[in-house]
Amino acid sequence: MLFPTVEFAIFFSLVLPLSWALMPRPHAWKPVLLAVSYAFYAAADWKFCLLLGGITVGNQIAARAIERVGGGETLAGRAICAGAVVGDLAVLGVFKYYSFFVDEINGTLAGAGLGLPLPLATIALPIGVSFFTFQAISYVVDVKRGTLAPAPLIDVGLYLSFFPHLVAGPIVRAREFLPQLEKPRDPAKVAVGAGVVLIAVGLIKKVAIADVLAREVVDPVFAVPEAYASADVLLALYGYSAQAYCDFSGYTDIAIGLALLLGVVFPQNFDRPYHARTVGEFWRRWHMTLSRFVRDFVFIPLGGSRGGRWRTMRNLVIAFTIVGLWHGAAWGFVLFGLAHGLYMAVESQLRGRWPRFPTWARWLVTYHFLVLAFVLFRAPDLDVARTLVGQLAQSGPATLWAPLPVLLTLAVVGSHLLPPRPLDALRERVEAASVAVLAPAMVVIILLVAATIPSQGVPPFIYFAF
Amino acid sequence: MATETLPNSDTDPRARGSARQAILLVILVGLGLIVFAGDSVRNAGEELDDGPVKTMVLAVGHPAGWVADTLPFAPIADEVTGWISSDEDLGTAGGGFNAPAGTGGETGAATARIPPEAFGSERAPLRSLLVTGDSMSQPLDAVLARRTAGTGVSTRRDAKVGTGISKTGVVDWGRLATTQIAERPADAVVVFLGANEGFPMPIGGRDVECCSPAWVAEYATRTRAVIEAYRRGGAKRIYWLTLPAPREAALAKITGVVNDAIRVAASGFGAPVQIVDAAELFSPGFRYRDALQVGGRGRLVRDPDGIHLNERGAEVLADRLLVRLRRDFVLEG
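Sequence order for the protein chains is A and B.
Residue numbers are given in this note's numbering: position 191 of the first sequence equals residue 191, and the series is strictly consecutive.
Residue numbers are given in this note's numbering: position 170 of the second sequence equals residue 170, and the series is strictly consecutive.
Chain A on its own, in the form it takes in the complex (with noise of 0.2 Å):
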């Protein structure tokens, strides 16, 4: 069930009142929101909810028993916790690297004439197994650290199971949305006009600007970039980084005003991520809930910047490394993330130097590493990467270059580059406007986003695979 959907939305509307409703009585509105978001998921396939249940119930029980052991401190607590940190890898490497690894393991072995010791076969990737597998990892360690109390089993339910961010983020952490659930939300206390807000602007961003670029020019290019010439390679890419972030934040935009419409507040995720003038201030403004989790649980254990030069520069790489892989099973990913790892390394030795720099000449070259970066990314396979890059040097005419497309894309890169208060004070009035100027506005956003669908329906999200 996609957010833009008609399906969604007469279930969102279902689900306000009746979550508003039974707010006052936590016994009840608990089992009725775990239910309800169970039933979302089962929306994409009933036997992905078992999945669900068996890391909800797995990482309870590994909470409770660091507690038992007598906290994280303990040997005990600290292997139960690797067990189950080992346990929730374990899920996701077999839904969604099995296939990648088990085939690229056959390709290893039969150029050697030796056979495959395990089956060749794909299996169902659950939609969003990266990330509530990433949030049950958050809930035990932050357990074992003792920064959190283990949580009665329905709440630890509903926190990886809550509708809004399930499917795909924001990746919320267990002390963010567990106390949260401690005592009924306010009704008197609601982000009405924020939220709304919220929900209007990822509609836009996603089906106005996102899917607008995809299907004009990011699309056709990265499927056979033979056919396309330089100035349309460049108008892809660079429409491609507007795409990537109006999609990917349209969703978490969308995400987070539901959240806030039933009384819950989400993290943040993005802010203004092309605007940054380091790779590393990129990833500060970028999927900001995944950053911060690969630093607190990759990057920090590993030992940081606390090692001198050479090891912070190893422990950037196996963490970007990482954030690639999490992306998705294929060879793009991991160079994507391997790309922003290697480049942070040579940024993070160059921090005196770099800011000499005039600040333009910063942007600038971030700005095309990422776009070059966000190749390896989107391009299906290597070859086409490969292909694609090499057209950037092909003469011929620019075919794609229609208004729509180039102002979108200059309207959302350079949106992140204008001063943010005015835009912020703008949305604050806009926040501050009566239900009676939000209902007709929101009702005229609506229509004219839905005019801009095409009749096969919204394509899915990008983060969706992921």
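All the given hints hold, so there is nothing to weed out.
One side only, chain B facing chain A, incomplete, derived with CB under 8 Å:
id : residue
1  : ASP12
2  : ALA15
3  : SER18
4  : VAL26
5  : GLY30
6  : SER40
7  : VAL41
8  : ALA44
9  : ILE84
10 : ALA142
11 : ASP290
12 : ARG299
13 : LEU300
14 : ASP303
No wet-lab data here; the hints were simulated from the structure.
All residues carry an ideal CB built from backbone N, CA and C; glycine is no exception.
Please build the complex by placing chain B on the supplied structure of chain A, with the hints as guidance.
For chain B alone, coordinates are given in the frame of chain A:
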């Protein structure tokens, strides 16, 4: 226990409204959308697969559609927002499956069997290729376009994701085929379609459910109408692909009868209309399998969803199609 306090609605400065206002807003937006686009809710519901979600959407969609049909606002909204629609206008195209009898509707009534034409033994150059279908045609269309790049072939990719022969609400393939070939004539057409089938089809004034003989016959008749639309538009060859067996048994049943219908529909045209048996290639004996021997070793050829081909599967199929194309046409390079 140190619990990090993070923003929540108790401390969020944006939390200036109330739950009552949130609910009121959702109700008002819902009412507005019913008045201006209630028919879209009904149409969306009718396109969904059977199940609780469809029931929920239609429970709202039928009354919403009635309201929109009764009031004059939905056509006004369509008129006002029509200029930003990204769809081709199929409204005047002939060959629609549900048009009145005598105008191409009741497909079989107006669609006479066209005998195979003789093209002579000389192969003509392939100048234009249309690769179309539903999501099954992706990524085959891109692989074929890449493989034919530099051979003098202009390859048009036109995937209509989520559509089917047995569902006409979103795209009527009878009309679409007519429009596709009229807008940009193609020497050859590759069709890979059938992953979203099994919807009831109206025959003689009543809906016939999948997968009775009457349903299969109607599916074959509609498929034949699409083939004829391409032929009338000047396509010299049409390559219609059968569907590999999907992993799920319930889907496999529908896919099996769709393949039967395709085989019947494409028969009798001779060389101009050819079946490319992707079903046998990827699922011998119509039994699902993930992998094939490719280049002397086992490789995965199916997507994890158990329905579609992955990139490598599409490459295998494109190679098979290229053999046919080179046999029937002259390709440069």
